[in-house]
Amino acid sequence: MEELIKTFHLDWKLLIAQLVNFGIVVFVLWKFALKPLMKVMDQRKKEIEKSLDDAKKIEANLIMSGEEREKRILEAKKEAQRIVEEARAQGGEQGQKMIDEAKAEVQTVIAAAKEQIASEKDRMLKEVKGEVSDLVIQTTKKVLSEVVDKKMDSAIIEQSLERIKD
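For the sequence shown, the UniProt record's numbering gives the first residue as 1, with consecutive numbering after it.
I should point out that these hints are in silico values taken from the structure, not numbers from a laboratory. None of the values given here were measured: they were computed from a predicted structure. Glycine is no exception: its CB is placed at the ideal position from the N, C-alpha and C atoms. Each hint should be verified, as a subset may be incorrect.
[Said to hold, decoys possible] For lysine-lysine, the following DSS-like pairs were computed, each having C-alpha atoms within a straight-line distance of at most 30 Å:
1) 165 <-> 57
2) 39 <-> 56
3) 50 <-> 35
4) 39 <-> 57
[Said to hold, decoys possible] DEER-style ranges, computed between Cβ atoms:
5) 153 <-> 4: 52 to 62 Å
6) 41 <-> 9: 36 to 46 Å
7) 34 <-> 6: 31 to 41 Å
8) 163 <-> 61: 33 to 43 Å
9) 53 <-> 154: 23 to 33 Å
10) 137 <-> 85: 53 to 63 Å
11) 18 <-> 40: 25 to 35 Å
12) 153 <-> 34: 20 to 30 Å
13) 110 <-> 40: 48 to 58 Å
14) 119 <-> 32: 52 to 62 Å
15) 137 <-> 21: 37 to 47 Å
16) 23 <-> 137: 38 to 48 Å
17) 159 <-> 88: 57 to 67 Å
Kindly generate the complete structure, drawing on both the sequences and the hints.
Quick look at the structure:
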């Protein structure tokens, strides 16, 4: 062992001092670099998961509004059928007049329902696009804030918005 120490000119005091210094460097890096970095990464992960959950909720709301639209159209058709049957039951000239009025009323009811559904759908889509674009912008800014300069940032945001619009 002594030959090894003499051959490599090992100084125990210097070796111990280097081990202590290494321990201090590891502690400082752990305390001030790795812990905050892990905390930031966990926060970003939670925000991304929240954004995905919000997107799923929005999608579910959109599906529900589609089902509601179908339900309204079905109700309008049933109402139209009922009115037509009433008109047939009364018969004769007045029956024909009522049938024509009923058909006109049915057409207006269906047109109004379709118009209302279309406007509601447009409103929902605008809301969804707005929320999704906000989520994309926020997520993109948070994930790429340190890596991307302003020109690349605006280009990425524009591309994301174009994809959402499509």
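Okay, the hints, checked on the actual structure:
{"no.": "1", "hint": "165 <-> 57", "in the structure": "holds (19 Å)"}
{"no.": "2", "hint": "39 <-> 56", "in the structure": "holds (26 Å)"}
{"no.": "3", "hint": "50 <-> 35", "in the structure": "holds (23 Å)"}
{"no.": "4", "hint": "39 <-> 57", "in the structure": "holds (27 Å)"}
{"no.": "5", "hint": "153 <-> 4: 52 to 62 Å", "in the structure": "holds (58 Å)"}
{"no.": "6", "hint": "41 <-> 9: 36 to 46 Å", "in the structure": "holds (44 Å)"}
{"no.": "7", "hint": "34 <-> 6: 31 to 41 Å", "in the structure": "holds (40 Å)"}
{"no.": "8", "hint": "163 <-> 61: 33 to 43 Å", "in the structure": "violated (21 Å)"}
{"no.": "9", "hint": "53 <-> 154: 23 to 33 Å", "in the structure": "holds (28 Å)"}
{"no.": "10", "hint": "137 <-> 85: 53 to 63 Å", "in the structure": "holds (55 Å)"}
{"no.": "11", "hint": "18 <-> 40: 25 to 35 Å", "in the structure": "holds (32 Å)"}
{"no.": "12", "hint": "153 <-> 34: 20 to 30 Å", "in the structure": "holds (27 Å)"}
{"no.": "13", "hint": "110 <-> 40: 48 to 58 Å", "in the structure": "holds (55 Å)"}
{"no.": "14", "hint": "119 <-> 32: 52 to 62 Å", "in the structure": "holds (56 Å)"}
{"no.": "15", "hint": "137 <-> 21: 37 to 47 Å", "in the structure": "holds (46 Å)"}
{"no.": "16", "hint": "23 <-> 137: 38 to 48 Å", "in the structure": "holds (44 Å)"}
{"no.": "17", "hint": "159 <-> 88: 57 to 67 Å", "in the structure": "holds (59 Å)"}
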